[in-house]
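Novice: What follows is the residue order along each chain.
Number of protein chains: 2
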Amino acid sequence: MSVVTQTLKKFVNAPEDVVKESLAGLAAAHPDLLRVDFTNQVVLRKDAPVAGKVGLVSGGGSGHEPLHGGFVGRGMLDAACPGEIFTSPVPDQMLAATKAVDGGAGVLHIVKNYTGDVMNFKLAAELADDDGIKVESVLTNDDVAVEDSLWTAGRRGVGVTVILEKVAGAKAEAGGTLAEVAAVATRVNDRGRSFGVALTSCVTPSAGSPTFDIGPDEMEFGVGIHGEPGRRREKIRSAAEIVEERADAILGDLKPAKGAKVLAFVNGLGGTPAIELYVAYAELTKQLERYGVTAARSLVGNYITSLEMAGISITLLELDDELPALWDAPVHTPALRWGT
Amino acid sequence: MSVVTQTLKKFVNAPEDVVKESLAGLAAAHPDLLRVDFTNQVVLRKDAPVAGKVGLVSGGGSGHEPLHGGFVGRGMLDAACPGEIFTSPVPDQMLAATKAVDGGAGVLHIVKNYTGDVMNFKLAAELADDDGIKVESVLTNDDVAVEDSLWTAGRRGVGVTVILEKVAGAKAEAGGTLAEVAAVATRVNDRGRSFGVALTSCVTPSAGSPTFDIGPDEMEFGVGIHGEPGRRREKIRSAAEIVEERADAILGDLKPAKGAKVLAFVNGLGGTPAIELYVAYAELTKQLERYGVTAARSLVGNYITSLEMAGISITLLELDDELPALWDAPVHTPALRWGT
Numbered sequence: 076m077s078v079v080t081q082t083l084k085k086f087v088n089a090p091e092d093v094v095k096e097s098l099a100g101l102a103a104a105h106p107d108l109l110r111v112d113f114t115n116q117v118v119l120r121k122d123a124p125v126a127g128k129v130g131l132v133s134g135g136g137s138g139h140e141p142l143h144g145g146f147v148g149r150g151m152l153d154a155a156c157p158g159e160i161f162t163s164p165v166p167d168q169m170l171a172a173t174k175a176v177d178g179g180a181g182v183l184h185i186v187k188n189y190t191g192d193v194m195n196f197k198l199a200a201e202l203a204d205d206d207g208i209k210v211e212s213v214l215t216n217d218d219v220a221v222e223d224s225l226w227t228a229g230r231r232g233v234g235v236t237v238i239l240e241k242v243a244g245a246k247a248e249a250g251g252t253l254a255e256v257a258a259v260a261t262r263v264n265d266r267g268r269s270f271g272v273a274l275t276s277c278v279t280p281s282a283g284s285p286t287f288d289i290g291p292d293e294m295e296f297g298v299g300i301h302g303e304p305g306r307r308r309e310k311i312r313s314a315a316e317i318v319e320e321r322a323d324a325i326l327g328d329l330k331p332a333k334g335a336k337v338l339a340f341v342n343g344l345g346g347t348p349a350i351e352l353y354v355a356y357a358e359l360t361k362q363l364e365r366y367g368v369t370a371a372r373s374l375v376g377n378y379i380t381s382l383e384m385a386g387i388s389i390t391l392l393e394l395d396d397e398l399p400a401l402w403d404a405p406v407h408t409p410a411l412r413w414g415t
Numbered sequence: 076m077s078v079v080t081q082t083l084k085k086f087v088n089a090p091e092d093v094v095k096e097s098l099a100g101l102a103a104a105h106p107d108l109l110r111v112d113f114t115n116q117v118v119l120r121k122d123a124p125v126a127g128k129v130g131l132v133s134g135g136g137s138g139h140e141p142l143h144g145g146f147v148g149r150g151m152l153d154a155a156c157p158g159e160i161f162t163s164p165v166p167d168q169m170l171a172a173t174k175a176v177d178g179g180a181g182v183l184h185i186v187k188n189y190t191g192d193v194m195n196f197k198l199a200a201e202l203a204d205d206d207g208i209k210v211e212s213v214l215t216n217d218d219v220a221v222e223d224s225l226w227t228a229g230r231r232g233v234g235v236t237v238i239l240e241k242v243a244g245a246k247a248e249a250g251g252t253l254a255e256v257a258a259v260a261t262r263v264n265d266r267g268r269s270f271g272v273a274l275t276s277c278v279t280p281s282a283g284s285p286t287f288d289i290g291p292d293e294m295e296f297g298v299g300i301h302g303e304p305g306r307r308r309e310k311i312r313s314a315a316e317i318v319e320e321r322a323d324a325i326l327g328d329l330k331p332a333k334g335a336k337v338l339a340f341v342n343g344l345g346g347t348p349a350i351e352l353y354v355a356y357a358e359l360t361k362q363l364e365r366y367g368v369t370a371a372r373s374l375v376g377n378y379i380t381s382l383e384m385a386g387i388s389i390t391l392l393e394l395d396d397e398l399p400a401l402w403d404a405p406v407h408t409p410a411l412r413w414g415t
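Residue numbers (the working numbering), protein chains in the order written: chain A, 76 to 415; chain B, 76 to 415.
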């Protein structure tokens, strides 16, 4: 047992126990929704496997809560595999999760585009296939800030992952086949784009010091969810200016149809107060008007975070005829919950 | 127009516009749930007034979001009156809200125990009475950390306010009379106790510097939601030790019946990551076991905050036969939403 660093400004015991202690809290707080397999470190929907339903498995490094464990439950994920903080889970976790949620209709792996996650989910899918479980994978890569990055070849997977897990979960709940669930998931990623800005770094419990240095008047424009560098480091500007440039980056890449309807998602990275998230949402509304785009659905809050980083990411999903109903469908998870 | 301070580490435009710009974002994001009367600075349930239903009005300084504006909607508040940051709203706001939600069955004012809020809500109730609207008031004063405080005579009103607004909202939705809604609200306050701990200060946009100074290895044990001093300043300890002492303070004061069931609420003050909130919940579960108390319901997240303060408050509500069903009843607000 290590001794807790007394100057770590966190509600933790031993830093190396944070993930499993937090999972114990998640299981204790939500026994009506989920259970935790502590041997394999997997969060499971309470009644998994659901016979005849496509199983949804996601996972990745911890520190982004509620993603993914907070999205386990009816209408969303069947399982989440949390790695250590900012560290990919291992293939054995993913294989255990895949087996645990297979109800005979196959399993969809939802993978954010980070090298470790991609490699390990690929291996787990091959192992599951050896066991006779049909697995499809969908990769999220919605971050328009940078091509390639510290831990990524190609674009990073960020905010669209939250929406994708909700929408694909609804499709599976409605009896969609594995091919159909994978198709709608792919469509969500194709129609979604994101961009993040950080004002502060976060501190991982094991490091005990900021992940990156940033000046008192600076922001990281295009930051990744582990504090990876974005497009540039620059002086802080007003919310209006920051949101305008981000909207241009997202909408310039997405190129939505004139008159398009979008789901507008303003996400806090962990340390930004709600009052600022809504200031950003108000600014986003003005930018959408400028592009002739309407926000037909919204999501505002901390859903994919970087521990206590002060920052905001914006995700826009261009809706089509099917997506709104899948978004509105009932969901029962710790972090997203509505309907019966 | 003032010039935005370029070194303010916040997503804002002019600091003095934060509250109204944030309300514009709230209105834009949730048109299905609420609307904002910008003239009177009041957040209103979309379909207020509801004929024959008791109206619920709360309010207080901004900076504690989602409290209270994020709790406006069917099954919870009919109106919220946001003041400037950490500043009481004025009687005119409260009167306008009271008039707007009066459906003929009277109006309940839910008031956190801070001197300005108490005084202004009292005056608004008198003015409403002059207009022939029947008003009852309930005061929350659940914080066991300190008697009297910077802005309070007696105990401060904190976390129990969230639960009270949900429970009283359900009672009103079910057709309770003003006396019945006021009675259940009073009961929730009587059966609830809270205690908060801060690891960092917050920064208000207008001040631009920390509300209080705190050392890199210190915590404020018993902090208020505006950063008011608590019981003592001390060195940071482990999550287990912090939660144990808080549980003792709360349960020693609440003195629940042996075998009691509680609603256990672990609240983030704004800058604490979800992973730490769940570590705290796991520790709280151990403490409840020690007292022979069971958590029959839970709530974990940022619900009554102090901007981006790193800190956690714990609230325990001793349940009775009626309260669980009122808690479980449908609610449709930006921050608490379940059921149909």
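Quick caveat, the hints were computed from the structure, so don't treat them as lab data.
There may be inaccurate statements among the hints.
As the list makes no split between identical chains, a pair holds if one copy fits it or if it spans any two.
[Unchecked claim] Straight-line C-alpha distance at most 25 Å; calculated DSS-like pairs for lysine-lysine:
hint, residue 1, residue 2
1, K209, K84
2, K361, K209
3, K84, K361
4, K121, K336
Novice: All hints are to be evaluated individually against the structure, with a verdict given for each.
Specialist: Hints, verified against the model:
In the homo-oligomer, the alpha carbons of K209 and K84 never lie at most 25 Å apart, since the shortest distance is 45 Å inside one protomer and 48 Å across protomers. In this assembly of identical chains, the alpha carbons of K361 and K209 never lie at most 25 Å apart, being 45 Å within a copy and 41 Å across copies at closest. In this homomeric assembly, K84 and K361 come within 25 Å of each other (Cα to Cα) only across copies, at 22 Å, whereas the closest approach inside a single copy is 38 Å. Taking the shortest alpha-carbon separations for K121 and K336, only the inter-copy value of 22 Å comes in at or below 25 Å, while the best intra-copy value is 35 Å.
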